[in-house]
Amino acid sequence: MRSVPGWTVITALLPPLLIVGGSAIAATLQPLPFNQVHYSISQLAAHGATDRWIMNLFILGASLCTVLSAVGLRTVRMAGRLTLAVSGLAAIGVVAFPDQWIGGHPAPVDATDHHTVSAWVVFLAAALWPTLAANHTGPLRLRWGLGLSAIQLAPAGWKITQDVNHGDYLGLSERVLLGLEGLVLLAVVLMARRQVAHR
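When we follow our numbering, the leftmost residue of the sequence shown carries the number 1, and every step to the right adds one.
Derived from the structure by calculation, the hints contain no laboratory data.
Treat the hints with care, since some could be wrong.
Said to hold, decoys possible - Label pairs and their computed distance ranges (CB to CB):
hint : residue 1 : residue 2 : range
1    : L146      : P33       : 38 to 48 angstroms
2    : V117      : T137      : 32 to 42 angstroms
3    : G147      : S3        : 16 to 26 angstroms
4    : H136      : L82       : 15 to 25 angstroms
5    : G103      : R194      : 46 to 56 angstroms
6    : W53       : G104      : 13 to 23 angstroms
7    : I102      : R2        : 43 to 53 angstroms
8    : W53       : P33       : 13 to 23 angstroms
9    : A187      : H136      : 17 to 27 angstroms
10   : A24       : Y169      : 12 to 22 angstroms
11   : S3        : L29       : 36 to 46 angstroms
12   : H166      : W53       : 19 to 29 angstroms
Note that this is a predicted model, so its numbers are computed, not measured.
All C-beta atoms in this analysis are idealised placements derived from N, C-alpha and C, irrespective of residue type, glycine included.
Hey, can you work out the whole structure from these sequences and the hints?
What follows is the structure, encoded as structure tokens:
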């Protein structure tokens, strides 16, 4: 039977830690206080942000870890693994199409630009992959996959609504969503390893 390698636990654990840790470091480098409730994480990697390369590096690190997690999750359906990998790869678009700072502050988010669309692909693919990964014999049954997707789609909807309406909780909604998506990925990896260990 196919197994889930131990390193997959590390690659599943790292993305939220890299993003949250990277944003904390990058925020301290800005010349003016950076409101993490109001502003998105990727605005620390925007043109005009101080030392934007730091946040870009953390985003790319999280992207790589997500793709590696998809590679390591060999006991779930390929459709789910590919969708998880798309979530990781779409983060490259977040870096490739950065936001802007104007007058020393992050500019309002444009809900139709490549950056925002790339971010939405990250979030929606991360929310949908558990349902697509579910199977009858693996660690992730359909009811669990649907449940894990549902609990991510609610904060994903909140985040998208904040983007479209230039909401005051853009940063908070993003951080809640990223944390939840990280917990879901780690939970599935641990379930997969536990199932293999018990066979």
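Here's how the hints hold up against the structure:
For L146 and P33, the hinted distance range of 38 to 48 angstroms is satisfied, since their beta carbons lie about 41 angstroms from each other. At about 36 angstroms, the CB distance of V117 to T137 agrees with the hint of 32 to 42 angstroms. Between G147 and S3 the Cβ separation comes to about 25 angstroms, which falls inside the hinted range of 16 to 26 angstroms. A hinted range of 15 to 25 angstroms holds for the C-beta pair H136 and L82, which are about 19 angstroms apart.
Distance hint for G103 and R194: a CB-CB separation of about 52 angstroms, consistent with the stated range 46 to 56 angstroms. Here the CB-CB span from W53 to G104 is close to 19 angstroms, well matched to the stated 13 to 23 angstroms. At roughly 51 angstroms, the beta carbons of I102 and R2 sit within the given window of 43 to 53 angstroms. A hinted range of 13 to 23 angstroms holds for the C-beta pair W53 and P33, which are about 21 angstroms apart.
The hinted range of 17 to 27 angstroms is satisfied by A187 and H136, whose Cβ atoms lie roughly 19 angstroms apart. Distance hint check for A24 and Y169: the Cβ-Cβ separation is about 18 angstroms, which falls inside the suggested range of 12 to 22 angstroms. Taken as a hint, the range 36 to 46 angstroms holds for the pair S3 and L29, whose Cβ atoms sit roughly 42 angstroms apart. Between H166 and W53 the CB atoms are about 27 angstroms apart, so this pair conforms to the stated range of 19 to 29 angstroms.
Figure legend: structure checked against the earlier numbered hints; every hint is met.
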